[in-house]
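Peer 1: Read off the chains here:
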Amino acid sequence: MSHSLLALPAGFDIKAAHVAAQWKCEKPLNCCRIDAKSQFVLVGGEWATPERVNIADGKIVKLEGGHESWVFDAAWSADSTRCVTSGGDGRLVWWDLTSEKPVKLHLVQAHKGWIRTLSVSPDGKTLASGGNDGQIRLWNMADAKPLATITASKRDIYRTVFSPDGKLIASGDLMGAVVAWNVADGKETARYDAKPLHTYEGGQQVDFGGVRALAYTPDSKLLAAGGLYKATNPLGAVHEPIGLVFQTSDKKMIRQWVANAIPGGIFWSFRWLADGSLVGASGGSTGGFLLFFKPDGDKEIHRLGLPNILRDMDLAADGLTIATAHHDRHLRITRLIAKKA
Amino acid sequence: MKRNCDYACHSPEHKIARRQFMGTMAAGSIVGGLGVFTGPGAAGALKSQQKRVVVFNMYGGLSQLESWDPKPGTDTGGPFRSIETSVPGIRISELMPETAKVMHHLCLVRGVNTSEDDHGKGGYMMLTGRRQSPAAEYPQIGSVMAKALADEQNSLPGHILITPGGGGGRGNEAAYLGPRFSSLAVGGGKPPQNTERPGSISEADESLRQDIRREAAKKFLNRRRTAMTDAYTHSYELALRLMTQRDSFDIAKEPQRDQDRYGKSDLGRQCLLGRRLLEKGATFVQITHSNYDTHNENFNFHLEQVGEFDRPYATFIADLAERGMLESTLVVVLSEFGRTPGINLYYGRDHWSRAWTVAMAGCGVIKGAAYGKTGPKGTEVTDGQVDHANLFHTYLSAVGLQSNESFDIDGRDMPMADPASKPIKAILA
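Which chain is which? The protein sequence lines are G and L, in order.
Counting in the numbering used here, the first sequence runs from 1 upward without gaps.
Counting in the numbering used here, the second sequence runs from 342 upward without gaps.
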């Protein structure tokens, strides 16, 4: 059964996935977000300056003067003229991208500590930010006005995502708690047990793992959460990627996706594809991979090895273009379509 | 046998170190194969001052860049910012806001270069002040301080190791000083295990049992006394004393307000226990905080670990200062080494011993200072370079010991610290 409500793009073929372009940025990358028109990618990396990369030619525009720390996530306005970036400085910065040099519109000290995750509601009006202070904050995307605060966890919020109807915002934290919150009143509506994504290693005495990836199916019937497990040596990068699939109707976990022969990896990002499969971006000591799964099977149905370890991934609205952020400073563009002759 | 006789005879010449015997040793130096001072005046004065030492061992290798020597905005700086402290001009990582408030009590040694990136070897060097050698084992700082500073009549052990589970210690950490100066490991803020007299044994019966044991031991020791038998006897007497000191290890006896101030974490309980033990007269306490060996996700782990360290440590320093104990207590924060300025593929930092920081506070060291300097990216020491041996000398000097003096072990001079090195005089108060 497919949970996709999307029309299959012409030529869509995950087995034909290939890297179509790669563009070098200034520093090792942490995140990447594609705009609605599939023209640009915002990237943040191991420095305070986000960059906008033109997918077609790799031309880079720097967004300077907004942050004092690394940039961990970014979000686009629906019309691609503005964006918001978040960083380790706890700031949200709204940018106007219509002129040649990006203009800072608003700078908000939004969270205490890092803001690891941003997401935009399907109607483009509301921005959600999730921070190390355990809070989800909702903002008016248009003018940066705060709308609501949800105290979601006692620990770091790693990932947030809106449900396809925009009524819920789901959060995932360090401890493997996945919770859906009602956007209208901030109340908890569902809690999913994603504890396999959390590790406490007694010898090393560290909490580790967390919900690094989170994605609803377009029909909202499934929620996939990803991260790592088998963390036998968290401090030494020995852990494997894992995805958990929950039914939203009864909150039951129906599937555990594990990768074959990736002893060092984390799922950093999930995206559902038009054919009802899911692509997971795994990066770790084994390398960088795009792994494809179906919700009715435990095993990956395809994988694409990438040239370098990755840390984030996004899917363009065209359903065919994938951006990945890599440690070797490259933004890579993968196409789910046969190579042009 | 001669060796046993040498050890046990208590003749005057065997109480005096060779160098002192030769007239080259200053009065008050530390000698004595049985752990006694032969300069009773100076020794008594030192002990009456109740000098104490606390070591925070940041096991695995604390990142200097995420703690004492941040380089924000550089390629090596990582995502954390620096913050101002109570000392103008000294900035530390934003992960340590509470520590920043007590910086006027601290002395940062930012130019440490130990040139050893192996955990075992680095840890050995930092705790003994020497490089490992197949030719000799050297005692750790806790054993040295216990021998040099602890009062024989103190009912608490001279060398206490606090770990989360109460494990560790009792290895060869005392080396030639003998097992009686090895550590007692405790944890969890509870009294040591097996220190309660079983209810089925009356106090009178217990007393009789011990008398019989002492009598038997006495007969045995008259003919076969060695360091090992001494330690064996000592451990019994220590255990008996511990049975009367159970409360000293019980942080539940501390006011609830203080328990709240130190927090619920393992380290919070350990710090409160450390304070309690110092107040009860402990000489040396080592608190271990684990684990900083962050080859993977260095920043997430330091967020957790340094975040956990900050409040209890700062509270500990502030409490000692407020109670007038910091002047007589040396507090050291050390690791095996620091971590690489370069950030690896996994957001990790690897081992880096060429430019890192040790923090000191209290007894005998200057306050509100940063000694030594690293370059803009933290890759090398540019000023005030010191090593493990300099630091070891400095710890000894700070508590009033002559760090170039020796222990007399069976008639052999055993220098307390590496004779080829010397203290960092610039930071001694």
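If you are wondering where the hints come from, they were derived from the structure by calculation, not from laboratory data.
Computed from a prediction, not measured in an experiment: that's the story for all the values here.
Each hint should be verified, as a subset may be incorrect.
[What the hints assert, rightly or not] Incomplete in silico selection of chain G near chain L, CB under 7 Å:
1) L8
2) E68
3) T151
4) Q204
5) V206
6) Y229
7) T232
8) L235
9) A237
10) H302
11) G305
12) P307
Where is the CB? At the ideal position from N, CA and C, for every residue including glycine.
Peer 1: Hint by hint, say whether it matches the structure.
Peer 2: Quick rundown of the hints versus the structure:
| no. | hint | in the structure |
| --- | --- | --- |
| 1 | L8 | violated, 36 Å |
| 2 | E68 | holds, 6 Å |
| 3 | T151 | violated, 19 Å |
| 4 | Q204 | holds, 4 Å |
| 5 | V206 | holds, 6 Å |
| 6 | Y229 | violated, 15 Å |
| 7 | T232 | violated, 12 Å |
| 8 | L235 | holds, 5 Å |
| 9 | A237 | holds, 4 Å |
| 10 | H302 | violated, 25 Å |
| 11 | G305 | violated, 16 Å |
| 12 | P307 | violated, 13 Å |
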